[in-house]
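Here are the chains, one letter per residue:
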Amino acid sequence: MTGVAVLTVSSPRPAARANSMDSLALNALLVRVAMSADREAFGDLYAYFAPRVKGYLMRNGSTSSELADDLAQETLLKVWRKAKLFDPSKASASTWIFTIARNLRIDAARRASRPQLDPDDPSLLPPEEPRADEVMERASRDERIRASFATLPPNQLEVVQLHFLEDAAHSEIAERLDLPLGTVKSRLRLAFEKIRKELGDLDA
Amino acid sequence: MRNVQHHPKTDTLADYAAGRLDEARSVVVATHIERCQECRTAVRDLEAVAGLCLEAIEPVPMAANSMADFWAKAGDQELVLPGLPTARPANDVEMETCPPLAAFLPTSIDDLPWKQVAPGLSQYVLEAEGYREGVLRLLKIAPGTKVSTHTHGEGELTLILRGAYRDEVGEFYPGDLADLDDGVTHAPVAIGDEDCICLIATNAPLVFKDLVGKVMQPFVKL
Numbered sequence: 093m094t095g096v097a098v099l100t101v102s103s104p105r106p107a108a109r110a111n112s113m114d115s116l117a118l119n120a121l122l123v124r125v126a127m128s129a130d131r132e133a134f135g136d137l138y139a140y141f142a143p144r145v146k147g148y149l150m151r152n153g154s155t156s157s158e159l160a161d162d163l164a165q166e167t168l169l170k171v172w173r174k175a176k177l178f179d180p181s182k183a184s185a186s187t188w189i190f191t192i193a194r195n196l197r198i199d200a201a202r203r204a205s206r207p208q209l210d211p212d213d214p215s216l217l218p219p220e221e222p223r224a225d226e227v228m229e230r231a232s233r234d235e236r237i238r239a240s241f242a243t244l245p246p247n248q249l250e251v252v253q254l255h256f257l258e259d260a261a262h263s264e265i266a267e268r269l270d271l272p273l274g275t276v277k278s279r280l281r282l283a284f285e286k287i288r289k290e291l292g293d294l295d296a
Numbered sequence: 411m412r413n414v415q416h417h418p419k420t421d422t423l424a425d426y427a428a429g430r431l432d433e434a435r436s437v438v439v440a441t442h443i444e445r446c447q448e449c450r451t452a453v454r455d456l457e458a459v460a461g462l463c464l465e466a467i468e469p470v471p472m473a474a475n476s477m478a479d480f481w482a483k484a485g486d487q488e489l490v491l492p493g494l495p496t497a498r499p500a501n502d503v504e505m506e507t508c509p510p511l512a513a514f515l516p517t518s519i520d521d522l523p524w525k526q527v528a529p530g531l532s533q534y535v536l537e538a539e540g541y542r543e544g545v546l547r548l549l550k551i552a553p554g555t556k557v558s559t560h561t562h563g564e565g566e567l568t569l570i571l572r573g574a575y576r577d578e579v580g581e582f583y584p585g586d587l588a589d590l591d592d593g594v595t596h597a598p599v600a601i602g603d604e605d606c607i608c609l610i611a612t613n614a615p616l617v618f619k620d621l622v623g624k625v626m627q628p629f630v631k632l
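Which chain is which? The protein sequence lines are H and B, in order.
Here the first sequence is numbered in our numbering, starting from 93 and rising by one per residue.
Here the second sequence is numbered in our numbering, starting from 411 and rising by one per residue.
What the hints contain is simulated information worked out from the structure, not anything from laboratory work.
Please note that a few of the clues may not be correct.
Unchecked claim - Subject to a maximum C-alpha distance of 25 Å in a straight line, what follows is the list of computed SDA-like cross-link-like pairs (lysine to any residue): (1) Lys-419(B) to Lys-176(H); (2) Lys-286(H) to Val-490(B); (3) Lys-289(H) to Leu-536(B); (4) Lys-419(B) to Lys-170(H); (5) Lys-170(H) to Val-490(B); (6) Lys-176(H) to Lys-483(B); (7) Lys-525(B) to Ile-601(B); (8) Lys-176(H) to Met-477(B); (9) Lys-182(H) to Glu-220(H).
All values reported here derive from a predicted model rather than from experimental measurement.
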């Protein structure tokens, strides 16, 4: 169900305006949508995220471009409709949109593989919005995560991106990168440890 | 209730955040997380990493008329307004009333049609097959009963709901989660004076190591 191509990741480049936005600018756009259903701000968000969500979905079981278009649009429709639930002090725009896209693809996979399931059957999707009592220091944690993510060694960054963006088993990722499975797992672990150290959760 | 002492491994939380876990495991992790602030924060951290990965992904252009098409669909849709803040259940609420698990229970845990599988051991299998293969079950261990030594095919997640057990790793109380690799062998014994009730997700049959286990296994179908 996954392609053979190794995941390519775009380096930040100032192509279109929508492609060079930083996370604060993205958060600000989403806040404008939340405050006043600002369609122009949403248009910029759409231009940035819809093609990325589509890229994500095409690596996760949406085999045709049309199907991925539909699901990406559905993801962004949810963002539009639920924008008022977005709180930039609790999550960044890209985190929130990732969780929505992830849950949509899980749900699509469930419906595709078990059409006999009753739609009323309970299903478990990880929560998308943080609860009211979630930690208050989220924004500063996100800041530190971003800083340490930017300094991950390329070989760790590669497996972290494959882990989150592509639904291939770790053994499959190992095969594609021509690495032992243990190396893939240890690179992931090292990357997460580095991030946790930066957050002060682990002793250096 | 005491603080949670045993947590999922980072690998497991990273699989949960990426949407890689089967439904049975997701239910176990989500129910633990309801009770565990530390893991809740860790999952949010991992989702933040996932968000950064999404920013860096190679974009795939949408169809030409996508934006206009979007507004045609979105135009008349109602916006969702924030509801009243929902409080997280207090720590003294029973584990089985936590929302992720409660949705999968047809009735209260005391009224379930438990099936005895061995002396002192009953189980109830929950339907949780919506997303990927996995088996979700409740196991009830009478005080003093020892579950025979076993290893796990591809890992087992066990969340304690009531009572307690002790094994080679330590003592497990409600909210604690045992995240066991295929390499680990254990033989839990229920301790205290009430039944120990656990929520268990596996994706492979358990393999028993000793004679009693081997004799019991076909009957127990664990």
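Results for each hint:
no.	hint	in the structure
1	Lys-419(B) to Lys-176(H)	violated (34 Å)
2	Lys-286(H) to Val-490(B)	violated (38 Å)
3	Lys-289(H) to Leu-536(B)	violated (39 Å)
4	Lys-419(B) to Lys-170(H)	violated (32 Å)
5	Lys-170(H) to Val-490(B)	holds (9 Å)
6	Lys-176(H) to Lys-483(B)	holds (19 Å)
7	Lys-525(B) to Ile-601(B)	holds (21 Å)
8	Lys-176(H) to Met-477(B)	holds (21 Å)
9	Lys-182(H) to Glu-220(H)	holds (11 Å)
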